[in-house]
Structures are given as C-alpha cells and as structure tokens.
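Colleague: All chains should be modelled from the sequences, with the hints used to inform the complete structure.
Number of protein chains: 4
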Amino acid sequence: MNSFGRLFRLSIFGESHGAGIGVLIDGCPAGVPLNEEDFLADLARRKPAVQGTTSRREPDRPEILSGLYESRTTGAPLQLFFKNTDIQSADYDLFRDIPRPGHADFTSRSKFGGFSDNRGSGHFSGRMTLGLVAAGVVAKKIIRPVAIQAELVEAGGETDIERAVDRAVKEGDSVGGMILCRIDSVPVGLGEPFFDSVESLVAHLIFSIPAVVGLEFGAGFEAARMSGKDCNDLILSADGKTETNHSGGINGGISNGNPIVFRVAVKPTSSISRPQNTYNFKSGRREQLVIKGRHDACLALRVPVIIEAAAALVLADLMLLEQKIPRIFQA
Amino acid sequence: MNSFGRLFRLSIFGESHGAGIGVLIDGCPAGVPLNEEDFLADLARRKPAVQGTTSRREPDRPEILSGLYESRTTGAPLQLFFKNTDIQSADYDLFRDIPRPGHADFTSRSKFGGFSDNRGSGHFSGRMTLGLVAAGVVAKKIIRPVAIQAELVEAGGETDIERAVDRAVKEGDSVGGMILCRIDSVPVGLGEPFFDSVESLVAHLIFSIPAVVGLEFGAGFEAARMSGKDCNDLILSADGKTETNHSGGINGGISNGNPIVFRVAVKPTSSISRPQNTYNFKSGRREQLVIKGRHDACLALRVPVIIEAAAALVLADLMLLEQKIPRIFQA
Amino acid sequence: MNSFGRLFRLSIFGESHGAGIGVLIDGCPAGVPLNEEDFLADLARRKPAVQGTTSRREPDRPEILSGLYESRTTGAPLQLFFKNTDIQSADYDLFRDIPRPGHADFTSRSKFGGFSDNRGSGHFSGRMTLGLVAAGVVAKKIIRPVAIQAELVEAGGETDIERAVDRAVKEGDSVGGMILCRIDSVPVGLGEPFFDSVESLVAHLIFSIPAVVGLEFGAGFEAARMSGKDCNDLILSADGKTETNHSGGINGGISNGNPIVFRVAVKPTSSISRPQNTYNFKSGRREQLVIKGRHDACLALRVPVIIEAAAALVLADLMLLEQKIPRIFQA
Amino acid sequence: MNSFGRLFRLSIFGESHGAGIGVLIDGCPAGVPLNEEDFLADLARRKPAVQGTTSRREPDRPEILSGLYESRTTGAPLQLFFKNTDIQSADYDLFRDIPRPGHADFTSRSKFGGFSDNRGSGHFSGRMTLGLVAAGVVAKKIIRPVAIQAELVEAGGETDIERAVDRAVKEGDSVGGMILCRIDSVPVGLGEPFFDSVESLVAHLIFSIPAVVGLEFGAGFEAARMSGKDCNDLILSADGKTETNHSGGINGGISNGNPIVFRVAVKPTSSISRPQNTYNFKSGRREQLVIKGRHDACLALRVPVIIEAAAALVLADLMLLEQKIPRIFQA
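Residue numbers (our numbering), protein chains in the order written: chain Y, 71 to 401; chain B, 71 to 401; chain L, 71 to 401; chain H, 71 to 401.
Among the clues, some could well be false.
No copy is singled out in the list; a pair is fine if it fits within one copy or between any two copies.
Below, simulated DSBU-like cross-link-like pairs (lysine-lysine); rule was C-alpha separation at most 35 angstroms, straight line [claimed, not checked]:
(1) K362 <-> K153
(2) K299 <-> K153
(3) K240 <-> K299
(4) K352 <-> K240
(5) K311 <-> K394
(6) K299 <-> K362
(7) K211 <-> K394
(8) K211 <-> K117
(9) K352 <-> K362
(10) K211 <-> K153
(11) K240 <-> K153
(12) K117 <-> K153
(13) K352 <-> K211
(14) K117 <-> K299
(15) K240 <-> K311
(16) K299 <-> K211
(17) K240 <-> K362
(18) K153 <-> K311
(19) K299 <-> K352
(20) K117 <-> K362
(21) K117 <-> K240
These are calculated hints, taken from the structure and not from any lab test.
Modeller: Listed below in structure tokens is the structure:
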C-alpha cells in the first residue's frame, strides 16, 4: 500500500495534477534540526533541469505542515507538502480510453474500475517520488555519518550519457539507464533477516520507484557466472574489512561494515513522441497513438537522488531498530 | 524480521542443527484440502538429490501441528514443522572464531553478540528455506489457476549446467546460477503500489532467500540499454494482451494480465573445500581455513522451487487483498 | 505510532496551533461518492457548540487534497486537511515549565526531550480527533447498511447532563461522562482473533482517544458480578439472534449478528480554571497554577461522534478483510 | 490476526485437542538466560489447580524448539510448544450443530464455514492463553526491574472469593471476577500515541484474552463520575510523582513514572452444567443443551497471570522501541 517502514515510517499521497504531492513521516526522532532549505539541494537533483527531461517547471518547495517547531523536529509526524502549480491536464484526457504502451493507464483503469485520476498519470506519476526524495533528506540527516552516493553510469547502453540522451531527443525516442549506488561508513550488524535482510528492504523500496526493472548487489548477475573461490570476499581484519567486495557489503542479509554497493536498471521512459500502436477501449479497435505532453527522454537522469533517498530510508529504519540512532537528538 | 505478508502471513523459525525448522502460516482461508503428501513433490525438488548438492540426508516430511482438521484447513494458523535428524555439528564449531568468507558467520556474531547458534549456520542456514517451500505449497493451492514455473537456465555462466557443476565438484569449488521464473494466468489488477507493487513484494521475498544477489523483471538490465520504442509493449486487445512482454507482465506495479516473468541471480555457494584465507578472531591473526562439512557445489540447483514458493506467497497475499481468493473454500 | 488499520489504514498528523490537523486514509475502495459537504454533520457534532465546551471557533471544513476525482474516491490515498485559524498560543507558553495536572505536558516533555510543540497541547490536543471523525465519515459510507449510534448517557454521575455541566461551569470545574455506543446490522463473522478480536481492535482505537479511561462490552463490569446462567445469551434462531445481549454482540472475538454494544468512560477535562498545585521545573519548587486558556467543562459532550468514528473505522477494516466491502464501488 | 507487537512480536497457534499449543516470539534480544524451569511458576498459576477450575490435567511443560542455544536466547525466533496429552474430544462433537450459549461455537462455525476444529473449542479454547503466559515469562525477564502483579480481587461480586466459587460449583453454575493489575518501576516516556498509547496496546492484548469484557485504567469508570478538581493528580516533584494516581500512571498515552494500574472484568465461564436452551442447526429447532465436559466454575481464578503476561508483552515492545532494553544482553 502507500506506507513503508517499521520505526521510521513514510506514507505518500497525492497526484500529478491534483492539489499536490506529499509525504508523511512517522517515527522521526525529536530534536533533529530541519528547515525548508535543507530540502532544496536534493529536490533540485530530482528536478527536470537538463536536456532530456520534461519541460514541466514546478518550484518544488516543501511546506512543512506538522512535526516541526522552532526548526527542530518534535517527535510528532512530519508532514511535507508540495503544491502543484504548472498543470496542463488537457494533455492526458485521451489516455483514459487509449492507454499508452508501457504505462499504468491500462492497469490502473482495470484495478480501480475507471475511477483513478488519470491526469498526468495521477498517483502513478513519476512526480510521486518527490515525497521519497523529501523523506530521504530527513533520513540522511539522522543516519550520519553514513554517506550515500548514487550516480547514473550508463544510458542507452553507453557511458557517454549526454550523447545517448541527445540522440534519443532527436529521434523522439527515449533511453534507459544504469545507476550505481554506494553507501559508506555503514555500521556492522544492520538488517533483520530472515525476511528483512538489507537487500530485501532496499529492494522493496527501490522496486516501488517507477521504471526500475532490475537490481543487483555487489557482483550481482556477474556472480551467477562466477566460481566460489573467485566470488568469496576474504576477511582481512577484526572490523570485517574484506579484500574484495563481491558481496556488496552484506552477508546473510546483514551489513558487514564494507561499503554497500548495488546497481539499479531503469527502463526507458514509456512516453515517446513517435507514433505507437495501442488499443482503443472506446472504439474497440487497435489504433495509432501520438503522445504529446512533456516527457523525459531519459528519466534515469533524475533517478539517482531517488535511489539515495530509498537507501537512506531503509538505513534510518534499520539503525533505529538496532538502536544506532537515538530517539532524541540533543541540541 | 521473521514474518512476511499482510493477509497471508508466514513466520519462519528454527535452526539447521537445532530441534527442527518450521513455518507458521496465518490467514490461510478455511476449507482448503491439504495433507502431508501434498508437500512431498516440492520438498523433493528442494532436497539435495543430485551431483553437486550436499550429502546431508533428511526425510523432510512435514508435521502439520495445527490449523488442519479432517484434511481441511480450519482458518486457524497452520504450523508446519520439520524435525532435524541427520546432524553433524562438530563440523561447525570452528567457525565461531574463524568466520568463513562469504558467510554470515562474522555478521551474525557481531549482530547477536556471539549468542547465535552457529551449528550448521543455525538460523542462517539454507535449510531455513524448507519453511518457504512448504508455505509455497499451500499458497500454490489457493492461487489456482495461476501457475508458476521456475527453472535453472544457467550455471557458472554456461547453459550446459551439468558440465559446469561437474567441473566445480572436481575442483573443490562452487558455481552460481541463473533462474528464470514465469507465472501464467495472472489476473489483471494485482499489486498495491506505491510501496507494495508486485515487483516490490516479489523482490522483498526473493532477496530474503540466501545467496540471491540479483533480480530483474521482464527485459530487466537489458531494458536499461534499450530505447523506448523498442522496449514499450504494444497493447493488442481489451484483455491487455501485448505484442511483446518486456515489462514482464507488470505496469505501474500492477499485473497487466500477461505472464509475469523475472530472472534471479544466485551466487556460488560460499562453502568450498579449497583452502581460503580469513581472520581468526581468537588469535587476532589472518590464517588459512579449510571447510570440511557437506556443501552444495551449486546450490542454485535447489533454488527454483524456492523461487516458485516466494512468487506463490506474494500472489496469495495480493489475491486475498484483491478479493480474488475467497475466505472459505467450499467442499 | 500514528497509523492504524490493516486494509483501511489511517494516519493522523498535525498540531493544535500549527498549520493544521489532518488525516491520511489508505486503502479506501475506489468509486465511493464523496464531497466536502459529507463531512459537515459529523464535524459539527465534534465542534464546541454548546455550554460547557471551549470557546475556540474553527470552521473545520476539510480540504480534500488527494484521492478524490470528480467526486469519487480514486483508490489512491485520501488526504484530508483542516487549517488552523483561531489560534491563541500565548496561553500555553507557561506549561513548558509548569505542567498542568492530568495533562500530557510532563510526559511529552520527558519523552521528546523538550522538543514537542507545546502550543495548545500540540499533537496531544483533543483537536487531533478531527482526523478521526473525518476518516469516520468515509468509513461510515462504506460499511452501510451497518449503522452506528453513540450518545452521552451520563455526566458527572448524573443523567441530567445539562445540570451537571452547568454546575461545573459555575464552579470553574469540569465533569467526566459515560457514552453508550450501539452498532446495528452487523454481519456475522467479523473479527480476526486471537489478537484482532472485535473488542481488541475497538479497544485499541477507543483508548487512543484522549480522556478515555474505561471500556466495557455488553454487560461488562456487571458481568464480572454475574453467574453464568444469568450472563449467557440463549440462541433463538439460525441467524444467531439471542434472547439477551450480555455479550454485546460478540462471541470469541467475532460478531454474532446481534447489536454490538459498548460503553466508554471519559474522565473530566484536566484543564480547569480553579487554582491547582503542581511542580515548577524551572524553579524546582511546587507552586500554584491557574490555567487560563479556553476549555471544555465537559469534553465528553463532544466525544460520541469520535466513538462512532472509531467503531466505523474498525468495522471498515474488518469488513474489507472479510470481503464484505468491495474494492470498487459501482457508479 | 494471530500476531501482536512491533519489535517484540508474538504469534500463537494450536488447538485445544490438536497436537498442541504454541507461541513464536520474534525480536527477543540475544543473550537472555532462559531455560524450561523459568516457565514453571507462571504456568502453574495458569493451571487448573484449585476448586472451581477444570479437571483437565496437562503437564504444560514447554519444549523450546528454536531460538535458544546453551541456555541463552540467540536473537533468532523462539518457538515454545506445549504438547496436548489429556484429551477427551468426544465431549465436544455435539456443539458443531448445537452451539453452546456464550461460546464461539456459532461465530466460528459461521466465519470458517464449518471447517474449524471444534474439539475442546479448538483455536478458541482458553488453553490458547498458554502461549501468552509463556511469552510473558520471557517478556518479564527483559523488562526488569519493571515488576507486574495481578490478582483476583472479586468473584461473583464478592471479595470472599472462595465462598463465591464454592457456591457456583454447588449450583452447577459459574461466576465472573475482577482482576487488579499494578505495574511498578515503570520508566517515564513509554507509549507511542496517537494510536499506540499505553492504554491502547494494553487494551488490544487484554481484550484478546477470552472472557475479558471490561477494562479501566486508574479511576476508570469512577472517573466518569468525578469532577476535574478531584480527578487531577497533582505533580509533586521533578520525577513526576503525583499525590494521587487517578490517571493510573499514564498521561496522554505515555507512562508518567507512577505505577500503572488497571482493572479487568472477566465474565463467568460460559460452560455450565445446568441445562440451557439453544438452537439446533441440524433439526432447525430450539432445544435444551446439557454441557458435560470439564470446565472452570470461575475461570477468572486463572486469569491474573495471563493479564500479567499481556502487560509484560506490551512493555517489552514499548521499552525496546524506546531503547530502554538493549538488543544484546551481556553474559
């Protein structure tokens, strides 16, 4: 459903072309210094600011509606809200009857009996990730000195990412991408197997991000092709440091103190300007669809900061559970 | 922690060399016909029966300790228990101080302050998956006609799997493998995004299986290298059938009626008979470790049925939630 | 924490003197007709409108910020928000150091390290129940024809409630009250024992309402003094109808088709205008406190509609679980 | 459903006349000293040992099937199992068609479509509380020095409890009772309002105990008749100590450091030997039923230790959440 986490819990809500998008964070420790400026850097990374991303322009400045008093979290639920302003809904009316290939138009229509708010993809919009990024900012604060960094390392199969995106833009097409995430200074002992292994929780959250289609930890798919002697990471010292890091910093679902490393595959944006065939539910016939609207040629460009947020949220939850984060931050 | 699921909930417990292994299933509908024989086929697939798997031999016959009356589920919790019989714990004493590379020896020792039951890897043993497979048998019954099939399609990078395993056995080494899972007859509309997308729930459970290091849906990592026009699946008819299935049967986190397809990467067994370097926590020095015990040269051989169980468990939960499974099965 | 429910889940947030109060509802079926007017009748019953309730005046008109499209729920989370307008915070500064007897001033200060928003009791204000009442309106719609009615049957030990309240007002004092709640047309079979019996879930929610200090089902405390032959309800017919209803419509934690009946004890408002002794944390001395502010002489007057909401929310969750409410409401 | 708790989680299973009764505890810290003897004192208090309780005799010695190694908890799930031995099921066959007044026979039959195991009331037997008591023993260990004491203070409306029970036995009848529970040495700050107030969690668990029909904290129902000036507890010192304890040690849902005090109403045993009228579902007619079997004349005699367990379980969960209990107990 729309909540995640055991102790550091977030709930998201909103629609792309409704009143706004928001996130509710429950279980945040009291006393964490916080203000609206803290969100701007990460929100800017999620924004469409470069070639190859949508031309929609939103200020994306959070209103902190609860849980903050005199610039400190109070221990009560934090509610962050982003008003929608730059809305062009006419673009989307069409897709009620003629679902876009690769989109949630058909599935959301079926699941919710035609009652979903389809404008701008509604609750299925990539814009929902605003809430994740905002919550991630809070999480990053409380997990310090744990540090997370994600970057796009490949687009459309190329490492020259700019070139791949340019080509897609020119062709009215789109490209997918590959994101590498690395987490440093992770304490040993995070993770609650059997079911809440570090990988399980990270995967749960990562696969809720629209367009994510693959995830691997450490050597990942390459490990499936390796032998044990090459894949095993030899332990070097009492702190668990290993010679290699094929396991991606996790053994038995629990962090081993080495960097946590994982890679995420993002599919190409489904909305492309080239004509595509689809099925018209009104006429009952196949027909050609041209999607106008405003879209990312490579939405993977905007995903790294969302991946970081997801990782931070999982770690905040696990660190609270393992009592590595206090319930009250001192002034 | 050790439970998973919202309506069809399972909790696992046990240790490799303790009294036994078990699973508790809560939320199973009443009236489902069930007996001990029903479990044998899937349990046999999980058993080490071929070249390249451990020589430990357990009957693996479930005792149904609660929730069943006159061969029908009662609606009360189902408790399945597997007694351990073929135990050789002396093999494992060593690893308390000298953690095996690639294993949970170091992380479980750190997390639980040295109190974990280390015998046979205790609660971190691959044997814990017995409970998953057993619960999967029940889940498969109630999700019919949905049908799940997983198979090992590659080991050590080769499609001639037998050859890859033979070589590993000869060299005292091990190999990883790749599993393909396909689910047919899936109703449209399963999945509870934002956070409980089909992919998220499947990923959560799959990544709790020991040795799983990668997961991709549909075109997966290949999609990250594709363009939108090649990746989008064109809708052909009112039932949502698509021309291709690059999305793996899921859009916006919700099943679209096409087969759900995903691939799982399994790393090579960590326990190999070749000597490996590691750190001795007692002596405070690095030293060479030779693992005796009994181990799989390719544990991926036994994983397909576990993957099927994981998929069935997720679908049972989602189908109950979507009211596609009744609370009472009629006689 | 601040969420409740398995399938019909609500999360509340906000502070008495912050930006506002709200509730997030996840799991509401799609297609339920809803608009702002629907909330007004119940919200009016919660409002301070009569002798003996606070003089604070808020419009309490909900903004529906998400989950609604063309006057129907969409299946996505419903976010309801109530802006605070009539705020007089100066009244409350005092209580940071000099906690009011019977209030959460001391406990919230201790738990959250002094970081809570103390204005108007912040997140501990009775005003938080706005969210409950609003969510209850939605729940009442979907559980139809189940009908819930709660009323104040006693205040300060008298059945002439007006007289009891008048006297309290005159004396600068306050009085508690007793509420009777009755639920009709309940289907047989609701409740998920062992732990989620109807009584357990109702009790969980009822005891989260500020000032509730007692709860009894059916004959309740009187039953503790009865004999089995007098207390047992004799079954009259195949639909489970019983001669008496000492069990309050529940057996073994499951609804039996007779009216569910329970009584709730509400303590007197803690804030009274008479001087009271307390401890001054700044001076380290006991001293006399006079609470000015605006307060209810009998907050129990406003509680019946909150009790109804709590009951409706539990029933909505249980009826969804028992598949007595569809996931999609037809137009 | 059959699980309870956020961090210290228990799941119960079993039937009165099946293989046995058990409890699974997840989230217990590692290193807690534990052995089978530890359970005997509390289990003996739950046993039918005196006049007025059933004549069924079970050894009630727990088997610890997992989670314990060398007499210390390991951090993995603890599984406790009690085999059933003294079973006389023939007694119960009757009630499938002729439900006993005041029992779950009718509701469980309806909810589970006639598939429940009705022998000895199956999963609805008071015997299910064995698991609660056993889990309570573990909880009591980890919450020390918090100390819980419950006692029966009234039976059938009399304080001479023995006399009340004797009379009931003689008359083939049964009586209810009142239990007082007091918890000392509670740290300030436990409780997670809004929804997980101390009262809410205690109430949730207490109302899952069969036959509990009422619960009040502190002055409880009497408070509903009091005025604010008489009910408010005046704070005396910096540790929160109050002059009176009408609030029962809780303000705003959070423990205030004074003893937590609550009272529980238990209804009379439903099974009595006197003939009672009920409905025969087979014949479709009302008829007289005589219950033979073995039953408590006053089951409230056995309930105090169950109430203590419930309180201990809630406190263990809240204290872990508030980081007042470590994740590892040192040797």
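Colleague: Now tell me if each hint is right for this structure.
Modeller: Results of checking the hints against the structure:
For the homomeric pair K362 and K153, the shortest alpha-carbon distance inside one copy (24 angstroms) is at most 35 angstroms, but the shortest distance between copies (38 angstroms) is not. Taking identical chains as interchangeable, the C-alpha atoms of K299 and K153 lie at most 35 angstroms apart only when they sit on different chains, with a minimum of 33 angstroms there against 54 angstroms within one chain. When the C-alpha separation of K240 and K299 is checked against a cutoff of 35 angstroms, the pair qualifies only between copies, where the shortest distance is 13 angstroms, while the shortest distance within a copy is 47 angstroms. Taking the shortest Cα distances, K352 and K240 sit within 35 angstroms of each other inside one copy (33 angstroms), while across copies they are farther apart (63 angstroms).
In this assembly of identical chains, the alpha carbons of K311 and K394 lie at most 35 angstroms apart whether taken from the same copy (20 angstroms) or from different copies (31 angstroms). In this assembly of identical chains, the alpha carbons of K299 and K362 lie at most 35 angstroms apart only when taken from different copies (15 angstroms versus 53 angstroms within one copy). For the identical chains of this complex, K211 and K394 are neighbours both inside a copy (13 angstroms) and across copies (23 angstroms), given an alpha-carbon limit of 35 angstroms. For the identical chains of this complex, K211 and K117 are intra-copy neighbours only, at 21 angstroms inside a copy versus 40 angstroms across copies, given an alpha-carbon limit of 35 angstroms.
Proximity of K352 to K362 under the C-alpha cut-off of 35 angstroms is restricted to the intra-copy arrangement: shortest distance 20 angstroms within a copy versus 65 angstroms between copies. In this assembly of identical chains, the alpha carbons of K211 and K153 lie at most 35 angstroms apart whether taken from the same copy (24 angstroms) or from different copies (29 angstroms). Taking CA atoms no more than 35 angstroms apart as the test, K240 paired with K153 passes inside one copy only; the shortest distance there is 32 angstroms, against 47 angstroms between copies. For the homomeric pair K117 and K153, the shortest alpha-carbon distances inside one copy (15 angstroms) and between copies (29 angstroms) are both at most 35 angstroms.
Within a single copy, K352 and K211 get their C-alpha atoms only as close as 50 angstroms, which misses the 35 angstroms cut-off; across copies the closest is 31 angstroms, which meets it. Taking the shortest Cα distances, K117 and K299 sit within 35 angstroms of each other only across copies (24 angstroms), while inside one copy they are farther apart (44 angstroms). Proximity of K240 and K311 under a CA criterion of 35 angstroms is satisfied inter-copy only: 31 angstroms between copies versus 47 angstroms inside one chain copy. In this assembly of identical chains, K299 and K211 lie within 35 angstroms of each other by CA distance neither inside one copy nor across copies; the values are 39 angstroms within and 40 angstroms between.
For a Cα distance limit of 35 angstroms, the shortest separation of K240 from K362 inside one copy, 15 angstroms, qualifies, whereas the shortest one across copies, 60 angstroms, does not. In this homomeric assembly, K153 and K311 never come within 35 angstroms of each other (Cα to Cα): the closest approach is 46 angstroms inside a single copy and 37 angstroms across copies. In this assembly of identical chains, the alpha carbons of K299 and K352 lie at most 35 angstroms apart only when taken from different copies (24 angstroms versus 60 angstroms within one copy). Proximity of K117 to K362 under the C-alpha cut-off of 35 angstroms is restricted to the intra-copy arrangement: shortest distance 20 angstroms within a copy versus 49 angstroms between copies.
Only within a single protomer do K117 and K240 lie at most 35 angstroms apart by alpha-carbon distance; the minimum there is 21 angstroms, versus 55 angstroms between protomers.
Taken one by one, the earlier hints fail for this structure at numbers 16 and 18, listed in ascending order.
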